[in-house]
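**Q** For the record, the sequence lines run as chains A and B. Going by the numbering used here, the first residue of the first sequence is number 77, and it counts up by one from there. Going by the numbering used here, the first residue of the second sequence is number 2, and it counts up by one from there.
Just so you know, the hints here were simulated from the structure itself, not pulled from any lab data. Any given hint might turn out to be false.
Said to hold, decoys possible - In the DSSO-like style, the derived pairs of lysine-lysine whose C-alpha atoms are separated by at most 27 angstroms in a straight line are:
#: 1; chain 1: A; residue 1: K147; chain 2: B; residue 2: K21
#: 2; chain 1: A; residue 1: K178; chain 2: B; residue 2: K15
#: 3; chain 1: A; residue 1: K113; chain 2: A; residue 2: K147
#: 4; chain 1: A; residue 1: K98; chain 2: B; residue 2: K67
#: 5; chain 1: B; residue 1: K42; chain 2: A; residue 2: K147
#: 6; chain 1: B; residue 1: K65; chain 2: B; residue 2: K15
#: 7; chain 1: A; residue 1: K98; chain 2: A; residue 2: K113
#: 8; chain 1: A; residue 1: K118; chain 2: A; residue 2: K144
#: 9; chain 1: A; residue 1: K178; chain 2: B; residue 2: K65
#: 10; chain 1: B; residue 1: K42; chain 2: A; residue 2: K178
#: 11; chain 1: A; residue 1: K118; chain 2: B; residue 2: K15
#: 12; chain 1: B; residue 1: K65; chain 2: A; residue 2: K98
#: 13; chain 1: A; residue 1: K113; chain 2: B; residue 2: K42
#: 14; chain 1: A; residue 1: K178; chain 2: A; residue 2: K133
#: 15; chain 1: B; residue 1: K21; chain 2: B; residue 2: K42
The chain contents come next:
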Amino acid sequence: GENVEQHPSTLSVQEGDSAVIKCTYSDSASNYFPWYKQELGKRPQLIIDIRSNVGEKKDQRIAVTLNKTAKHFSLHITETQPEDSAVYFCAESAGTALIFGKGTTLSVSS
Amino acid sequence: GAVVSQHPSWVICKSGTSVKIECRSLDFQATTMFWYRQFPKQSLMLMATSNEGSKATYEQGVEKDKFLINHASLTLSTLTVTSAHPEDSSFYICSATGGVNYNEQFFGPGTRLTVL
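Bound-form chain A, shown alone (with noise of 0.2 angstroms):
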């Protein structure tokens, strides 16, 4: 069936590092790929998304990347400040239903 592999659980960085977050998927028909970041208690926010056609997509300090042959997609968060610290789980689609990976917790030190 299909799954996603998110890695890593938990990514501790400086404020202003990067932090970059990858996942792996299974189904060679996924075609959606969102990013959601979550804090405690709240509905997940959808911060980036990209789809199969496109291998990059970025959106001021947030970047995604994709590579279909290897089946894998990447967050990159650029200059990162402490109010990035949340938890952030990747998704994949083949039609409307999403598959999460299991979460990063990122936290942001100042």
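Chain A is already provided as a structure; the job is to place chain B on it using the hints.
**A** Here is chain B on its own, set in the frame of chain A:
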């Protein structure tokens, strides 16, 4: 735009009782709604997918007779946890699709269920 609400935001109930959670799309018609549960420090696990006017499709391992889903209109889906037990205590989140970007899911704020 694309706002999804959930009610209640939290509920505490006694073991054996049933609890209904509502999920509404406020400014768009949701062709498909999804229900997830999330245990502390874990990921979102898809429970079921529901399309308006048809029976929900449940993920493997989710008891359809325990988690009743109704999607009676394009703006409302309900999840009823029947005969709730303490192990059902969790964060239940709904999401909906139906906008121009058919893949994008808009999440509700979640419902914290505690079963005593």
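**Q** Work down the list of hints and note, for each, if the structure agrees.
**A** Quick rundown of the hints versus the structure:
Distance restraint check for K147 (chain A) and K21 (chain B): the Cα-Cα separation of roughly 39 angstroms exceeds the 27 angstroms cut-off, and the hinted pair is therefore not satisfied. For the proposed pair K178 (chain A) and K15 (chain B), the alpha carbon gap of about 30 angstroms is over 27 angstroms, so the pair is violated. Restraint check: the Cα-Cα separation between K113 (chain A) and K147 (chain A) comes to about 22 angstroms, which is no more than 27 angstroms; the hinted pair holds. Annotation: proposed proximity of K98 (chain A) to K67 (chain B) is violated, straight-line Cα distance about 36 angstroms (limit 27 angstroms).
Between K42 (chain B) and K147 (chain A), the direct Cα distance comes to roughly 26 angstroms. Compliance with the 27 angstroms bound is thereby established for this hinted pair. In summary, the hint linking K65 (chain B) to K15 (chain B) is supported, as the alpha carbons are separated by about 21 angstroms, within the 27 angstroms threshold. About 14 angstroms separates the Cα atoms of K98 (chain A) and K113 (chain A), which keeps this hinted pair within 27 angstroms; it holds. Note on K118 (chain A) and K144 (chain A): the hinted pairing is violated, with a Cα-Cα distance of about 31 angstroms set against a maximum of 27 angstroms.
Annotation: proposed proximity of K178 (chain A) to K65 (chain B) holds, straight-line Cα distance about 24 angstroms (limit 27 angstroms). Between K42 (chain B) and K178 (chain A) the alpha-carbon distance is near 9 angstroms, which keeps this suggested pair within the 27 angstroms criterion. Straight-line distance between C-alpha atoms of K118 (chain A) and K15 (chain B) comes to about 24 angstroms, which keeps the hinted pair within the 27 angstroms bound. Only pairs whose Cα atoms come within 27 angstroms are accepted, and K65 (chain B) paired with K98 (chain A) is rejected, the gap being roughly 34 angstroms.
Restraint check: the Cα-Cα separation between K113 (chain A) and K42 (chain B) comes to about 14 angstroms, which is no more than 27 angstroms; the hinted pair holds. Distance restraint check for K178 (chain A) and K133 (chain A): the Cα-Cα separation of roughly 23 angstroms lies within the 27 angstroms cut-off, and the hinted pair is therefore satisfied. Only pairs whose Cα atoms come within 27 angstroms are accepted, and K21 (chain B) paired with K42 (chain B) is accepted, the gap being roughly 24 angstroms.
In summary, the structure is inconsistent with hints 1, 2, 4, 8 and 12 from the numbered list given earlier, while agreeing with the others.
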